[in-house]
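Asks: On the provided structure of chain A, position chain B as indicated by the hints.
Chains as they are written, first to last, in my numbering: chain A, 32 to 459; chain B, 315 to 496.
Be a bit skeptical, because a hint or two may be false.
Here's a subset of chain A near chain B, in silico, CB distances under 10 angstroms, partners left out [what the hints assert, rightly or not]:
| # | residue |
| --- | --- |
| 1 | Ala105 |
| 2 | Phe208 |
| 3 | Val212 |
| 4 | Glu250 |
| 5 | Glu271 |
| 6 | Gly272 |
| 7 | Ala276 |
| 8 | Asp293 |
| 9 | Gln295 |
| 10 | Asp318 |
| 11 | Glu320 |
| 12 | Ile377 |
| 13 | Arg382 |
| 14 | Gly383 |
| 15 | Glu448 |
With beta-carbon atoms standing in for the labels, derived distance ranges [to be verified]:
| # | chain 1 | residue 1 | chain 2 | residue 2 | range |
| --- | --- | --- | --- | --- | --- |
| 16 | B | Ser484 | A | Ser307 | 42 to 50 angstroms |
| 17 | A | Gly262 | B | Pro422 | 41 to 49 angstroms |
| 18 | B | Ser484 | A | Glu181 | 18 to 26 angstroms |
Keep in mind the hints are simulated off the structure, nothing from the lab. Yeah, the Cβ is synthetic: ideal placement off N, Cα and C, and Gly gets one too.
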Amino acid sequence: MQTLSKVWLFCALLLISSVASANLTIEITRGSDQALPIGVVPFDGGEGLPEDIAQIVQDDLERSGMFAPLARNAMFERPSQASDVQFGTWRSLDVRYLVVGRAQQTGNGYELQFELMDISGQSRMIGETVTVSGNDLRGAAHYISDQVFEAITDIRGAFSTKIAYVTAQGVGDNMQFGLYVADADGQRSQQVLTSDQPIMSPAWSPDGRKLAYVSFETERPAIYIQDVSTGQRVQATSFEGINGAPAWSPDGRKLAMSLSKDGQPDIYVLDIGSRSLDRVTQSNSIDTEPTWSPDGRSLIFTSDRSGGPQIYRTPVGGGSADRLTYTGNYNARARFSPEGDELFLIHQSGRGYQVARQELDGGRLVVISETTRDESPSVAPNGTMVIFATQQGGSGFLSAVSADGRSSFRLPAAQGEVRDPAWSPFLN
Amino acid sequence: MQLKPLVRSLAVALSVLAVAGCSSTGGTQDGDAYGSQSGSTAGTGTGSGVGTSGTGQYGSTSGGGAGQQADSRIPEVRTIYFDYDRDSIKGEYESVVMAHARYLQSNPNARVTLQGHTDERGTREYNMALGERRARAVQRFLNIQGVSPSQMSVVSYGEERPAVNGQGESAYSQNRRVVFSY
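In isolation and in its complexed conformation, chain A is listed as follows (with noise of 0.2 angstroms):
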């Protein structure tokens, strides 16, 4: 107990909350020519509210990929309920989907209305009021996004998630780290940790609440968990040698690890609650970067055992390494499709380090990104984006591209370097 106090007073020390100065922008870089056209109609009564809720629906949508949002100096008629939506008059427009919506302040916050219309069916899909406690406005319009995009894809929608992202600026001794959690659009950011030491691979907990980071502010690295909203943290790990890649069990009951404390790094699981530590793998190459399988009964690695780092597989259990990746000669940092079906990896192909993408059962490997110092994939928990970072012009910052690979955004920082994102779960 004592060692955990002392924790605690470190953390005082180290945490600096809600200082909202990394919020990250959207730039859109590639957009599908399979986008469904939809309207997001200005919400009546939004004009004096402190965020424009359409304007955030819209955004989401269209950053997913799947949606081509009309421009809103196209629409010539703005209604606010379904009575007033005039089919034909979107129809001219080849608008195929509309979301129309009022807002009202209340007592003690905000209530919105929305309603969702197939034009070219000419009915309204679905509709809901949203009451708003408190000023969550960007909340309430992540959360129309997610049931617009589900009426529609049969997908449950991921806007109302966030992104954890480290941040860091300088070079060699004198350099600042931050690890930030943001909206998944990259907006509201909150510091979760500073430090002049640095801040790594951060895995969020099955439920949305932990983190799980490697940092090194004792001078060498060591794991820790972090709740997000109170910033009451443990150190999970810290033995001689690399405490690297920790990634939580399906059931967050466990973190999977890298860990070199016996020779060459090797998988570990250590169980949270009882701090024991069991080893999976025993090579002597390098094993790191594992993640477990969503049934939980298996976890994938990057290895060098053949020689250069490919992607393996093996019972939690331990047992024998299956190799399941084969074209070229570095594929590492697997992350699972959240059906378990699929790899998210780094492939390097002629051109550079690139997302790639491959069906676990003996699929052909196909590059989804098209920059080419890529890292780092994280996969949104519906499936249908992967946030990476990636470098341009000597700039690192945040990229996601469709999981499809036909559409894709940026997030750039407005100064300093951005990498190692981590998509959390459902929130929800």
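Replies: Leaving out everything else, chain B in the frame of chain A:
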């Protein structure tokens, strides 16, 4: 926080390299050692890149560099550089590592942390492991020279602390390094 000595050692290392690159006739013994090797960076480091390569070769290179009295001071060159995807110590840096070996043996209370670094290419955690390989290669070399394991520790920073920002081989080659931190 040993920031200043590190910066200084890096600066020294870079200036020595610069001197060597200009094939200056130099003054110090260390400088001469570098001068004689300048222009031969390609072609070294042909080892397997993994682990135990070439220990016999290291053992045979003795002497050279500073004399006895210098062993009371921490050697000034505290950074050595590596070829891409290699952890073998290049011939031009053996005298540097030997000087540290002599210093550590002459000063049993001295402790060194060997900090391994990589360039930015490839994934971060995999690079952590590659950086550790480099630092451990130096640790093994020092151990073979008779340095006590208790005097040495290893920490890898992977690609997290580049000495130089930027893309291209000139930046990458300055980032693939092991730093002797006392």
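Asks: With reference to the structure, classify each hint as holding or not holding.
Replies: Going down the list of hints, with the structure as the test:
| no. | hint | in the structure |
| --- | --- | --- |
| 1 | Ala105 | violated, 42 angstroms |
| 2 | Phe208 | holds, 8 angstroms |
| 3 | Val212 | violated, 19 angstroms |
| 4 | Glu250 | holds, 7 angstroms |
| 5 | Glu271 | holds, 8 angstroms |
| 6 | Gly272 | holds, 7 angstroms |
| 7 | Ala276 | holds, 4 angstroms |
| 8 | Asp293 | violated, 13 angstroms |
| 9 | Gln295 | holds, 8 angstroms |
| 10 | Asp318 | holds, 8 angstroms |
| 11 | Glu320 | holds, 5 angstroms |
| 12 | Ile377 | holds, 5 angstroms |
| 13 | Arg382 | violated, 13 angstroms |
| 14 | Gly383 | holds, 8 angstroms |
| 15 | Glu448 | holds, 9 angstroms |
| 16 | B/Ser484 to A/Ser307: 42 to 50 angstroms | holds, 48 angstroms |
| 17 | A/Gly262 to B/Pro422: 41 to 49 angstroms | holds, 44 angstroms |
| 18 | B/Ser484 to A/Glu181: 18 to 26 angstroms | violated, 51 angstroms |
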